[in-house]
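S.K.: Heads up: the protein sequence lines correspond to chains A and B, in order.
Quick note on this note's numbering: the first sequence kicks off at 41 and runs consecutively.
Quick note on this note's numbering: the second sequence kicks off at 592 and runs consecutively.
What the hints contain is simulated information worked out from the structure, not anything from laboratory work.
Keep in mind that a hint or two might mislead.
Straight-line C-alpha distance at most 25 Å; calculated SDA-like pairs for lysine to any residue [said to hold, decoys possible]:
no.	chain 1	residue 1	chain 2	residue 2
1	A	43	B	637
2	A	107	B	641
3	A	43	A	102
4	A	120	B	718
5	A	43	B	704
6	A	107	B	707
Residue strings, one per chain:
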Amino acid sequence: MNKILSSLFIGLVFGLGISISGMANPAKVLNFFDVFGTWDPSLAFVMGGALITTAIGYRIVFGRQSKPIFENAFQVPNNKTIDARLLLGSAGFGVGWGIAGFCPGGAIPALGLGHSETLVFMGSMIVGILIARFLGTRRARLVAA
Amino acid sequence: MFITEFTPWMSLGGGVLIGLAAVLLMAMNGRIAGMTGILSGILPPVSADWGWRAAFLIGAILAPALFVAAGGTVEFAVPPSTLALIVGGLIVGVGVYFGSGCTSGHGVCGMARLSPRSIAATLVFMVAAFVTVFVTRHMMGI
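Isolated chain A, as found in the complex (with noise of 0.2 Å):
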């Protein structure tokens, strides 16, 4: 119980946080990327300010405490692989990022203001999840066959 309402709240200030730093605007978001054209620098403040805050927040939590408060154990990736599958995937997701404007990040909290164009994307964008996975899991059980 204690890890949901943790987590209902951080979700709160992470959609907060979204909210008022412009990431959940896709006019925005596309004026940072559009350097010779109408260009808002604000999202690099952004990626800055919650960089900063993470580094500096992580060694602390990791240096103090040798467990999460409501879980047994840290569960932190450790993949070292940069493969060809880590690179195409992320390269699509930026040119989808830059033809909709949206992030999962951004998209999620922009639900809440209740306009349409933010459930457009976002189901397309489960769709396109769930696609891939079925493509990803079909592949793996033909590589293991």
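Mind docking chain B on chain A? Use the hints.
M.R.: Frame of chain A, contents of chain B only:
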């Protein structure tokens, strides 16, 4: 033409809150605050630990609604067409699945841990987005 106002302080403050959420989620639940990962766990086949994921997402969606109800304003404009949202959404979905993450997971949490995979992924998706916007706006004129 959609001109947006440069908002360094609000954006920095929002970024600090995003970082705070990432730190709290690690300290309390021991998890990376990556939206691709958290969302994927409530899509079929649903993860056994879907409860905290759903709670986080509900909180994230409620936040702007509460902020607006309390008198705040959240600027929102969508220059892309419906077709672009559909195509972009599909590509984002496939991309974040194979890339194992997005701006929050790789760009914030992974970069903060100096994960080589996340640094590579972030560089690639940022450059891809810059190039895509340059091509669509300045070469195709969309």
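S.K.: CA of residue 43 of chain A to CA of residue 637 of chain B, is that 25 Å or under?
M.R.: 18 Å, holds
S.K.: Given the proposed pairing of residue 107 of chain A with residue 641 of chain B, does the C-alpha separation stay at or below 25 Å?
M.R.: 21 Å, holds
S.K.: Sort out whether residue 718 of chain B lies within 25 Å of residue 120 of chain A, counting only the CA atoms.
M.R.: At roughly 21 Å apart (the allowed maximum being 25 Å), residue 718 of chain B and residue 120 of chain A satisfy the hint.
S.K.: Are the Cα atoms of residue 107 of chain A and residue 707 of chain B separated by 25 Å or less?
M.R.: 24 Å, holds
S.K.: Keeping to a limit of 25 Å between CA atoms, is the pair of residue 43 of chain A and residue 704 of chain B held or broken?
M.R.: At roughly 23 Å apart (the allowed maximum being 25 Å), residue 704 of chain B and residue 43 of chain A satisfy the hint.
S.K.: Hint check: residue 43 of chain A vs residue 102 of chain A, CA-CA at most 25 Å. Holds or violated?
M.R.: 19 Å, holds
Of the hints listed earlier, there is not a single one the structure fails to meet.
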